[in-house]
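Chain order of the listed sequences is A and B. With numbering that gives the first Met the number 0 applied, the first sequence corresponds to residues 0 to 255, in that order. With numbering that gives the first Met the number 0 applied, the second sequence corresponds to residues 0 to 354, in that order.
It should be emphasised that the hints constitute simulated quantities derived from the structure, not laboratory data. One should not assume that every hint holds.
As the list claims (entries may be wrong) - Okay, derived cross-link-like pairs now, PhoX-like style, lysine-lysine, Cα gap no bigger than 20 Å in a straight line:
id	chain 1	residue 1	chain 2	residue 2
1	A	Lys236	A	Lys246
2	B	Lys344	A	Lys145
3	B	Lys222	A	Lys107
4	B	Lys25	B	Lys344
5	B	Lys125	B	Lys222
6	A	Lys107	A	Lys122
To be verified - If you want the footprint, here are the derived chain B segments under chain A, 3+ residues with CB under 8 Å:
id	region
7	199-209
8	218-231
Source: prediction; values computed, not measured. The beta-carbon is built from N, C-alpha and C at its ideal position, and this holds for glycine as well.
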Amino acid sequence: MAQLEIREVSKHFGGVQALLRVSVDVPKGEILSVIGPNGAGKTTLVNCVNGVFHPEAGRILLDGTDLTHLSPPRIAALGIARTFQNIALFRGMTVLDNLMLGRHIHMKNGVFRSVLYWGPGRKEEIAHREVVEDIIDFLEIEAIRKQVVGSLPYGLQKRVELGRALALHPKILLLDEPMGGMNIEEKEDMARFILDVNDEWGTTIVLIEHDMGVVMDISQRVVVLDLGTKIAEGTPKEVKNNPLVIKAYLGAKAVA
Amino acid sequence: MINRECGVFQTTYRGDMALYPVPLAKASYGLLLLVLLALPLAADSHKMAIINLIGLASVGAIGLNILTGYTGQVSLGHGAFMMVGSYTAAILSARYGMPFWIGLPAGGAVAAAVGAFFGIPSLRIKGLYLAIATLAAQFIIEWCINHITWIGGGAQSSIYVPTPTFFGWEINNEYRRYFLVLPVCVLAYVAAQNLVRSRVGRAFIAIRDRDVAAEIIGVDIFKYKLLSFAVSSFYAGVAGALWTYYLKIANYEHFILSTSISYLAMIIIGGLGSVLGSVFGAVFITLLPIVLVYVVEGIARLFGFTYFTIADFLANLRLIIYGGLIILFLAIEPEGLYRMWGSIKRYFRLWPFSY
Chain A
0 MAQLEIREVS
10 KHFGGVQALL
20 RVSVDVPKGE
30 ILSVIGPNGA
40 GKTTLVNCVN
50 GVFHPEAGRI
60 LLDGTDLTHL
70 SPPRIAALGI
80 ARTFQNIALF
90 RGMTVLDNLM
100 LGRHIHMKNG
110 VFRSVLYWGP
120 GRKEEIAHRE
130 VVEDIIDFLE
140 IEAIRKQVVG
150 SLPYGLQKRV
160 ELGRALALHP
170 KILLLDEPMG
180 GMNIEEKEDM
190 ARFILDVNDE
200 WGTTIVLIEH
210 DMGVVMDISQ
220 RVVVLDLGTK
230 IAEGTPKEVK
240 NNPLVIKAYL
250 GAKAVA
Chain B
0 MINRECGVFQ
10 TTYRGDMALY
20 PVPLAKASYG
30 LLLLVLLALP
40 LAADSHKMAI
50 INLIGLASVG
60 AIGLNILTGY
70 TGQVSLGHGA
80 FMMVGSYTAA
90 ILSARYGMPF
100 WIGLPAGGAV
110 AAAVGAFFGI
120 PSLRIKGLYL
130 AIATLAAQFI
140 IEWCINHITW
150 IGGGAQSSIY
160 VPTPTFFGWE
170 INNEYRRYFL
180 VLPVCVLAYV
190 AAQNLVRSRV
200 GRAFIAIRDR
210 DVAAEIIGVD
220 IFKYKLLSFA
230 VSSFYAGVAG
240 ALWTYYLKIA
250 NYEHFILSTS
260 ISYLAMIIIG
270 GLGSVLGSVF
280 GAVFITLLPI
290 VLVYVVEGIA
300 RLFGFTYFTI
310 ADFLANLRLI
320 IYGGLIILFL
330 AIEPEGLYRM
340 WGSIKRYFRL
350 WPFSY
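Chain B extracted, bound-state conformation (with noise of 0.2 Å):
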């Protein structure tokens, strides 16, 4: 990760072929988890939420990098299959008194089949055409959560869970829940990794970048676009589930068609079809609008103003800052902070003699 990568000669593919071929790298990304794993110890329950939910958003914008940055394929219903996971959990938690650890397998079970399912449209067409089917995906969703009543219970499509225990050790508050997300976020991350970089990864590349040459060297476009909506539903359907053990509510308000936008809007911010960019882009998309708050509440207070006095205008400026940022963001760096973060490591690989 902050490593140089020079000064290793691999001798075997093995080591050559290794996710972090660099001993150095090995070493940061450990070190990387033992500062994850003591962070609780450094920030008080506020800072912890804050935290939690940057992990729920990552696990879902690496779903969908994989289905949008690395396969190509626009998706405008990661919301909705967000959503068939949460519920898929929540029926099971609130109705079945099943545990969390199956609820969390199974969501991502549902909405994988689900996912594919509305990837079918994929084979016939592509881009824009692509995205607004997937629309369609994410209204009939939703639909069907709100009318049905076995499924969504009611007026309000609103399901209590309980508390998720693990053998007894109630997840009760925002530490203990950073210990549900965390792993949770390191086998998202470290799966998405190994999938991209072999065979079904490197065929979802192929689709991406020539769909013909990738057909006639003998990759089955059909099955894989169709692999792929299952493999993203997958990864949002257990970050739907996770949120809905986290609020111990499933709520079709939280995975809304503004959710899919954002979602995008992390992977592309952060960069697509790149894993590290998209926890770049939710950590981005999350914390932005927590910081401007802070950011434009100090310069008012310096001007006099208290909270209450201007809480409309704080609400207007902070909506009119965040989307003048992502707009600057996108022309400064339209690759995403994953090549703003190779272009730092680049310039340090020689630092400090850059000739």
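Excised from the complex, chain A in its bound form (with noise of 0.2 Å):
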């Protein structure tokens, strides 16, 4: 059984078909890409899945347990996190603060306990602290830990969310383009990133994106979505020689 599995899932707005029945499965450990044109319904997609929006028909299961109609903080507390296209990071906050907030669902403290901060609360909160450090020493952003997020370049900002996400150690990441508008450098340290998470903790990864490269690189399997529609699904190589998916997406040029 798959870890993840979108069963026929729909979704409009207005008049527009953002999904229509799309089906995807998803293996534990699996580095999965959604490719397609703009306004094809990825982000749609990944938005069901963590409860942003709620599909007019279909189910979404993590491990056998239904999603489909859950709050986002419980699709959170099930073990799904994401990363947006948009940075949404905290920018007032600074960077410990915003990998501290991705403890949140593992952490009980409450008002009484955060007021006094002392003995057990002080304690869960040095606790996630060094949680949250191993997670900073991974992504190699050490010396920026103590700045306000804001302030900070574009790529490290994505960084910085991919650790957000980590810090929920989700059993499955969600990752809405984590390389656009990076320079080569960033996209190859990203590419490092979503493989070594993927190889030393297993955890799923649902990728957007459109760099064709990373994408034929680092997934294992590949799905097309097209208006609404799954037109594809297979290894990269089969994605890449499906005359649907280039007429739809990829251009006769690219593969030549």
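Got two chains here, separate frames each, mind docking them using the hints?
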């Protein structure tokens, strides 16, 4: 059984059919890429998985648990984390605090313990700080841990956002264009981090990306969406040579 | 507070996460506390009264800053929540003979419940629209206290409160009231500092900065918005109750809409999203009219006027200068006194060798 099952999901906005009976199975530990032209419904699909939108038809299951109508915080607690296409960090906070927020669902401190900041409350904060420091170490952002996020360059912000998602220790990581707007070095770094996360923690990764070089290199399987429907699915090689995909998205030149 | 943050290398996360990680900072706060404790030795009764007013305003301002500055929910009902605390304390003490140390937390608790109730609209509305919804809270609460005889006690809606005593020690002059106000202030300040640097406070800030992202990482927005309203109103309630024991009377006129607005002015001028800034703002807004009177009167006296010949003129001029200063202030330093404080500290960090 796949870890994440998306079954026949449909979603429309007014007259626009954003998704039409899309089914995707993601086995545990896989890196799956979702590609397609602008407006194909890639982000909508991710939004349905983590509860920002609720699909009109179809079901979404995580390890057999139905997520279809749960709220985003519940889905996060069940183990799905994501990053956004246009960075959605908490700009006024430091890198550390952003990552500590990633630990929110794993912490228990309520108002009284927070106010006291003593005994068990402080112990918990410190324990989670240690987890966060491991992630800071992993993403090589030690030097900026106390800087306010809003003042960081774009590439680093993307990395911090990945860190915040990792801090949730998710079973599934949804990355919406993690390399959009990056230069080649930043892309290479990000690709390395994605592969390492998958390798070290066995995290399942669903990736939306436009850079075909990256997609073909790091993903085990690729799903292609166009106008809200799935037009192809398979290994990068199969997809690359699929005439439907070439027509809808890649174009003849890209393959040649 | 007045230390330079350099030359200290933390070796434990516990040390790094301390409120004042530099030893000198700890010492300077200890010194500040000593100065505060010794303050009555240096001030006359009139000055003590002003200091007490600043203390009362600080508690309320810290509370509003938690809601508006940290959670990003604009509230025009802060005065009303103070009113709830004030009348709760007055009813408990005047009618049931409860001591102030029960009245204070009880006032906070009732205000927290009322505040959380009026926070419910914040689930659906934001920004200016929420401001209008909280404005409704201000008028509804004011109306209830004025028209429900059991609460307000009839025509004037005033409840006289007996002099608060602490195990036989009568709190009956400005010096003694100072030792009622100061501990509450210090507790309120430290509690707020702790809150905003830990799990709950981070969730508040997350909602302010990017609510969609907060939800995605598992922050239950509705719960934390209500919690923020509750905590903020708790502060308001305690401030209102303290005000009641201070004046020995609960009267709604102390907590009308203009009170709510002056608290908003305090946190905007002091610095949104800063506990210390709330205190700066409380000092500024409380002192400004008092200092202005002295200054304008002094200038008038230079030209040979006496206070009585210019009293009307003075009253109006004071309001004009007050408004003008606030506008000027917002234009020059929109991020408030706290930011200014930070700039000064940064300047002295490398002083006198700035390069």
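Comparing the hints with the structure gives:
1. For the hint linking Lys236 of chain A to Lys246 of chain A, the alpha-carbon distance of about 16 Å falls within 20 Å, and the restraint holds.
2. For the proposed pair Lys344 of chain B and Lys145 of chain A, the alpha carbon gap of about 18 Å is at most 20 Å, so the pair holds.
3. Taking the CA atoms of Lys222 of chain B and Lys107 of chain A, the gap is near 14 Å; set against the 20 Å cutoff, the hint holds.
4. A C-alpha spacing of about 16 Å is found between Lys25 of chain B and Lys344 of chain B, which places the hinted pair at or below 20 Å, so the restraint holds.
5. For the given pair, Lys125 of chain B sits about 15 Å from Lys222 of chain B by alpha-carbon distance, which is consistent with the 20 Å threshold.
6. For the given pair, Lys107 of chain A sits about 11 Å from Lys122 of chain A by alpha-carbon distance, which is consistent with the 20 Å threshold.
7. Check on the region 199-209 of chain B: 9 of its residues sit with their Cβ under 8 Å from a Cβ of chain A, so the three-residue criterion for coverage holds.
8. Look at the region 218-231 of chain B against chain A: 5 of its residues bring a Cβ nearer than 8 Å to a Cβ of that chain, three or more, so the hint holds.
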